[in-house]
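J.: The chain contents come next:
2 protein chains.
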Amino acid sequence: MVDILHRVGVVTPSPEKVYDALTTVEGLASWWTDDTTGSAEVGGVLQFRFPPGGFDMKVLDRRDSELVRWEVVDGPTEWVGTTVEWNLRQDGDHTIVMFKHKGWREPVEFMHHCGTKWATYLMSLKALVETGKGAPSPNDVHVAYPD
Amino acid sequence: MVDILHRVGVVTPSPEKVYDALTTVEGLASWWTDDTTGSAEVGGVLQFRFPPGGFDMKVLDRRDSELVRWEVVDGPTEWVGTTVEWNLRQDGDHTIVMFKHKGWREPVEFMHHCGTKWATYLMSLKALVETGKGAPSPNDVHVAYPD
Numbered sequence: 019m020v021d022i023l024h025r026v027g028v029v030t031p032s033p034e035k036v037y038d039a040l041t042t043v044e045g046l047a048s049w050w051t052d053d054t055t056g057s058a059e060v061g062g063v064l065q066f067r068f069p070p071g072g073f074d075m076k077v078l079d080r081r082d083s084e085l086v087r088w089e090v091v092d093g094p095t096e097w098v099g100t101t102v103e104w105n106l107r108q109d110g111d112h113t114i115v116m117f118k119h120k121g122w123r124e125p126v127e128f129m130h131h132c133g134t135k136w137a138t139y140l141m142s143l144k145a146l147v148e149t150g151k152g153a154p155s156p157n158d159v160h161v162a163y164p165d
Numbered sequence: 019m020v021d022i023l024h025r026v027g028v029v030t031p032s033p034e035k036v037y038d039a040l041t042t043v044e045g046l047a048s049w050w051t052d053d054t055t056g057s058a059e060v061g062g063v064l065q066f067r068f069p070p071g072g073f074d075m076k077v078l079d080r081r082d083s084e085l086v087r088w089e090v091v092d093g094p095t096e097w098v099g100t101t102v103e104w105n106l107r108q109d110g111d112h113t114i115v116m117f118k119h120k121g122w123r124e125p126v127e128f129m130h131h132c133g134t135k136w137a138t139y140l141m142s143l144k145a146l147v148e149t150g151k152g153a154p155s156p157n158d159v160h161v162a163y164p165d
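Taken in sequence, the protein lines are chains A and F.
Position one of the first sequence corresponds to residue 19 (our numbering), numbered consecutively onward.
Position one of the second sequence corresponds to residue 19 (our numbering), numbered consecutively onward.
Just so you know, these hints were derived from the structure itself, not from any lab.
Hints are supplied without guarantee of correctness; some may be wrong.
Straight-line distance between alpha carbons at most 27 angstroms, and here's what the computed DSS-like set of lysine-lysine pairs gives [said to hold, decoys possible]:
id, chain 1, residue 1, chain 2, residue 2
1, F, Lys35, F, Lys76
2, F, Lys35, A, Lys151
3, F, Lys120, A, Lys118
4, A, Lys35, A, Lys118
5, A, Lys120, F, Lys118
6, A, Lys120, F, Lys120
Chain F is nowhere near these chain A residues, computed Cβ spacing over 10 angstroms in every case [unchecked claim]:
id, residue
7, Arg25
8, Pro31
9, Thr55
Now the stretches of chain A that chain F is said to cover, found in silico as 3 or more residues with beta-carbon under 8 angstroms [what the hints assert, rightly or not]:
id, region
10, 34–45
11, 138–145
We put the beta carbon where it would ideally sit given N, CA and C, even for glycine.
Start from the sequences, fold in the hints, and give me the full structure.
T.: In structure tokens:
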């Protein structure tokens, strides 16, 4: 089992805006993909769609301004059953975002791609909170093409 | 042992320019850090310096337009003994860069940071080859601050 791990620091006085961007359909649509639907409550399922396909994520857990956990319940075979975990904490004028996409069965080429792509989406989340404008799909940063 | 894995696709007709950017001091200085010195030949040591510190990398292996491998011989404790491996292959009009920073002993917070930061440097390498201009330190993309 192998994991994708990332960390960004978002300039913002409290974790609230980052947490909102991870726990509302409008927030998620503003940095990951504008085609986001579903329920962001615990037990709910979020549908994230991109031009090449997408993911359904069940919300396993959320704790105000601290934690969000999803399980991938539909999408590419390599993703199904993996979990995505966000931990937030405040450090001075930054919200530190610790990101884990856990439980990949093998370090396949697609996992390498997703590792880089997640980084660009985390930078989109950071930009959204800091500037009001993210780069969600279909206006996302391309790390290869098509991606 | 845990690894940082990434993949980018660089629009270029052959892997030659990417390989040059990984195997010459001038190339490395144009996307990773402008304070790069040393020898990029097999058995040589490269010194990469950034405002907060740096790394010395011994060149373990290189094969024209295919492979580069370094071992970290000096730098932060977490990095020493880890290896950095670049595999290149051509796929149509893209050079596919498969990147592995292997052998981290623990998935510490610093590893999360380095995972994100490597992604931004890979995007700098991609930009260098595609546009002639990368974003090496000290003009690198910040994923937190200081970083």
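J.: Examine each Cβ of chain F, and state whether all of them lie more than 10 angstroms from the Cβ of arginine 25(A).
T.: Violated, since 4 angstroms does not exceed 10 angstroms.
J.: Does the structure keep lysine 35(F) and lysine 151(A) at a Cα separation of 27 angstroms or less?
T.: Violated, at about 34 angstroms.
J.: Apply the coverage criterion to the region 138–145 of chain A and chain F: a residue qualifies when its Cβ sits closer than 8 angstroms to a Cβ of the chain, and three qualifying residues are needed.
T.: With 4 residues close enough to chain F, the hint holds.
J.: Sort out whether lysine 118(F) lies within 27 angstroms of lysine 120(A), counting only the CA atoms.
T.: Since the Cα atoms of lysine 120(A) and lysine 118(F) sit roughly 18 angstroms apart, the hinted pair holds (cutoff 27 angstroms).
J.: Has the region 34–45 of chain A got at least three residues whose CB is nearer than 8 angstroms to a CB belonging to chain F?
T.: violated (count 0)
J.: Is it true that the CA of lysine 35(A) sits at most 27 angstroms from the CA of lysine 118(A)?
T.: holds (20 angstroms)
J.: Does the claim that threonine 55(A) lies outside the interface with chain F hold up, using a Cβ gap greater than 10 angstroms?
T.: holds (28 angstroms)
J.: Taking 10 angstroms as the cut and beta carbons as the points, is proline 31(A) off the interface with chain F?
T.: Non-interface label stands for proline 31(A): nearest chain F Cβ at 15 angstroms, farther than 10 angstroms.
J.: Hinted pair, alpha-carbon criterion (27 angstroms max): lysine 120(A), lysine 120(F). Please report holds or violated.
T.: With a Cα-Cα distance of about 17 angstroms, the restraint between lysine 120(A) and lysine 120(F) holds, given a limit of 27 angstroms.
J.: Holds or violated: are the alpha carbons of lysine 120(F) and lysine 118(A) at most 27 angstroms from each other?
T.: Within the cut-off at roughly 18 angstroms; holds.
J.: Does lysine 35(F) pair with lysine 76(F) here, judged by a C-alpha cut-off of 27 angstroms?
T.: Satisfied, since the Cα-Cα distance of roughly 21 angstroms is no more than 27 angstroms.
The earlier numbered hints that this structure contradicts are 2, 7 and 10.
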